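2 protein chains.
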Amino acid sequence: MHKFELDTPTLLIDFDKAERNIARMQEMADSAGVKLRPHTKTHKTPYLAHWQLRAGSRGITVAKLGEAEVMNAAGIDDILIAFPLQGAAKMERLLHLAERARLRVSLDSMKVAQDISDAAARRGFKIPFYVEVDPGLHRVGLPPREPTRDFVRQATKLPGIEFIGLLTHAGQAYAAKTLEEVAVVGKQEGALMVETAEMLRADGIAVREVSVGSTPTARFAAQVQGVTEIRPGTYVFYDTMQVHKFACGWDDCAQTVLLTVVAKHPDRLILDGGSKTLSSDRGPGGAATFGTVVGFAHLEIYALSEEHAHVRVTGNGPLPDIGAKVQVIPNHACAVMNLHERFVATRGDEVLGAFEIAARGKLQ
Amino acid sequence: MHKFELDTPTLLIDFDKAERNIARMQEMADSAGVKLRPHTKTHKTPYLAHWQLRAGSRGITVAKLGEAEVMNAAGIDDILIAFPLQGAAKMERLLHLAERARLRVSLDSMKVAQDISDAAARRGFKIPFYVEVDPGLHRVGLPPREPTRDFVRQATKLPGIEFIGLLTHAGQAYAAKTLEEVAVVGKQEGALMVETAEMLRADGIAVREVSVGSTPTARFAAQVQGVTEIRPGTYVFYDTMQVHKFACGWDDCAQTVLLTVVAKHPDRLILDGGSKTLSSDRGPGGAATFGTVVGFAHLEIYALSEEHAHVRVTGNGPLPDIGAKVQVIPNHACAVMNLHERFVATRGDEVLGAFEIAARGKLQ
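In order, the protein sequences belong to chains R and P.
Residue numbers for the first sequence follow the working numbering, so the first one is 1 and each next one is one higher.
Residue numbers for the second sequence follow the working numbering, so the first one is 1 and each next one is one higher.
No lab work stands behind these hints, which were simulated from the structure alone.
Please note that a few of the clues may not be correct.
[Stated by the list, open to error] Straight-line distance between alpha carbons at most 25 Å, and here's what the computed SDA-like set of lysine to any residue pairs gives:
hint : chain 1 : residue 1 : chain 2 : residue 2
1    : R       : 157       : P       : 265
2    : R       : 264       : P       : 88
3    : R       : 177       : R       : 265
4    : P       : 264       : R       : 146
5    : P       : 264       : R       : 364
6    : R       : 264       : R       : 224
7    : P       : 362       : R       : 322
8    : R       : 264       : R       : 177
9    : P       : 362       : R       : 282
10   : P       : 111       : R       : 294
11   : P       : 177       : R       : 306
12   : R       : 362       : P       : 305
13   : R       : 264       : P       : 364
14   : P       : 177       : R       : 251
15   : R       : 264       : P       : 162
16   : R       : 177       : R       : 321
17   : P       : 35        : P       : 286
18   : P       : 35        : P       : 305
19   : P       : 35        : P       : 88
20   : R       : 111       : P       : 72
21   : P       : 264       : R       : 150
22   : P       : 157       : R       : 265
As the structure is a computational prediction, the values presented were derived from the model and not from experiment.
Extracted from the complex, chain R is given alone in its bound form (with noise of 0.2 Å):
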């Protein structure tokens, strides 16, 4: 079957792409030395996980514990949630996780740091964990140097809880404008991790992993000398925002939405899928336009609705008439992919069949 033939919106990925995307991201960071671990969220799919792991990886990375629960159930047991977890309802569901699973998790506040302790060392577990630092993206993390420092001599008199290292994710690679500045951010990044690092170790304190993160800046970071683990998830699949960022080039661009146009003027035209099949994420960067139609560069996908794609013609050249199909690479991979309850692959041009995305939606 074609895959112009599929009904739409319907999510499509190329599994062509996809085995040589994982392959080559795992080939760099084998070749740099370092363990790649990767941020399964951009998929949320057991299946991937599994291509992924095959190919070399030796555990994954995930945001919630409702991800982790998936990944665990699909026969995975090297998990980690990046993610600093609170709650009595999660600390439950953590320790259930952790007698079938060899769990990992990330945090940056005594709270956290004492609620997981206190809920592990009532089961007799010691659950391994990172301290998030905060590269200058200014979401989560500590400062680096002094105050990681301070926080961890703090943490690891806890008697549930065992520190492994220090983790961080460089988003704010997502506004650099050029490839220099992006390689900047990479390398900063690591050279400040590894530089606490160093601050933790005069102390006296084992730090095993030096794990950094985002797709643009997972090649600069894994040369820094010291970084021991990347966790690259958009690579995958790529997509705009990662073109636009020098991580790839289109035709690595695994994930495309298939759309029909359902109206047509002069200037523009109106296709059957918006913010609910494309998502309304413009980035970090903000882009101005909410993907690409592949093959048509004077086509501009310039607002969405809920169920439409507002498209601008900005050129000369043929345009696709009511009914016909278009594929549009969407800006983020990641938020689409959470939109959509299975996706359909192909190789080439034709479908293979579709695939439950079944970490999807879990929120908790």
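Model the placement of chain P on the given structure of chain R, informed by the hints.
For chain P alone, coordinates are given in the frame of chain R:
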């Protein structure tokens, strides 16, 4: 159980407020002498559609065939699908549904008119249709007056569809800055539709329905003599955007998301829900923030990651601690509903139970 005992993120719907919102809009429609056909894309929940029907609505509006199927399976049989349906797969489903429900569709091109007519005529059906008119939003819809009349002349010749009236959605009201501007948009929308309907009638074409949309403009368009039907959706919950468009007050907002503080700094906080939970929808007006923290006027959600709300402290006052729970009124209620598989209903602070959002995620 108190709502603050729930784990986070959790979507909350205050049933007292939703009930009151439904009753008030129905009273307004009744006193203006127009039918209310609520757009159920806001709640996507058959249980709440039944509330609207019991309050006096004669039928409902949906955006997608998949939503119509869910609503019909829940016993609702008067359904307008307000989207130009395209393609063989959808024609098959449309006709299958037409055997069980009283359907109406909207369309604005001969391609769609012809396809639906062909499919319906083959089965001996005549599908009632509205012609969508563009009131200045420039999304779908034909220009009013002559272009609409010329189109209706052609479309009424088709054997499988039956013209019932004109339909419009004045989404441009969301760009209005004052209540007066909203009122002008609503009155102009109504007047333009009535004028076009009169032009059709002068041409010998019966026009049973003049149907107008949007929550902010509903009360103004309903007053225009000749309008027969209004199709607001968001009024059932309201949201930050509706407060800013003068459609309601903060105390009318029935939808909130319960979140936990996971990081705290003197100048900013991080909450445990981001674009996956609150949606990155800024609304057509392009809001600067991503929702409203209830009870903390000096907190501003200035950015969202997928799993984090970034909150700025903009003034003096008490700050919630790590582990504390807060409620956020989202920017756009409909977009948020699509992100959650269920909501928890409350009356006051008391939890009633969880309800499935059965028509969420229906993309086709």
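Structure-based check of all given hints:
Of the pairs offered as hints, the one joining residue 157 of chain R and residue 265 of chain P holds, with about 23 Å between alpha carbons and a cut-off of 25 Å not exceeded. The hinted pair formed by residue 264 of chain R and residue 88 of chain P meets the criterion: a straight-line CA distance of about 19 Å does not exceed 25 Å. Pair hint residue 177 of chain R plus residue 265 of chain R does not hold up; C-alpha atoms about 35 Å apart against a cutoff of 25 Å. The hinted pair formed by residue 264 of chain P and residue 146 of chain R meets the criterion: a straight-line CA distance of about 18 Å does not exceed 25 Å.
The suggested pairing of residue 264 of chain P with residue 364 of chain R holds, with an alpha-carbon distance near 20 Å, which does not exceed 25 Å. Among the hinted pairs, residue 264 of chain R with residue 224 of chain R is inconsistent with the structure: their alpha-carbon atoms are about 52 Å apart, more than 25 Å. Among the hinted pairs, residue 362 of chain P with residue 322 of chain R is consistent with the structure: their alpha-carbon atoms are about 22 Å apart, no more than 25 Å. For the hint linking residue 264 of chain R to residue 177 of chain R, the alpha-carbon distance of about 35 Å lies beyond 25 Å, and the restraint is violated.
Taken as a hint, the residue 362 of chain P and residue 282 of chain R pair is honoured in the structure, with Cα atoms around 23 Å apart against an allowance of 25 Å. For the given pair, residue 111 of chain P sits about 24 Å from residue 294 of chain R by alpha-carbon distance, which is consistent with the 25 Å threshold. Restraint check for residue 177 of chain P and residue 306 of chain R: the C-alpha separation of about 22 Å stays at or below 25 Å, so the hint holds. For the hint linking residue 362 of chain R to residue 305 of chain P, the alpha-carbon distance of about 15 Å falls within 25 Å, and the restraint holds.
For the suggested pair residue 264 of chain R and residue 364 of chain P, the alpha carbons sit about 20 Å apart, so the restraint of at most 25 Å is met. Pair hint residue 177 of chain P plus residue 251 of chain R does not hold up; C-alpha atoms about 43 Å apart against a cutoff of 25 Å. Simply put, residue 264 of chain R and residue 162 of chain P have alpha-carbon atoms about 23 Å apart, close enough for the 25 Å limit, and the pair holds. Simply put, residue 177 of chain R and residue 321 of chain R have alpha-carbon atoms about 36 Å apart, too far for the 25 Å limit, and the pair is violated.
Distance check on the hinted pair: residue 35 of chain P and residue 286 of chain P sit about 31 Å apart at the alpha-carbon level, beyond 25 Å; violated. Under the criterion of a C-alpha separation no larger than 25 Å, the hint pairing residue 35 of chain P with residue 305 of chain P is inconsistent with the structure, at around 41 Å. Of the supplied pair hints, the one linking residue 35 of chain P and residue 88 of chain P is violated, its CA atoms being roughly 33 Å apart against a limit of 25 Å. As the CA atoms of residue 111 of chain R and residue 72 of chain P are separated by approximately 49 Å, the hinted pair breaks the 25 Å bound.
Distance restraint check for residue 264 of chain P and residue 150 of chain R: the Cα-Cα separation of roughly 17 Å lies within the 25 Å cut-off, and the hinted pair is therefore satisfied. Using a Cα cut-off of 25 Å, the hinted pair residue 157 of chain P and residue 265 of chain R holds, with the two alpha carbons roughly 24 Å apart.
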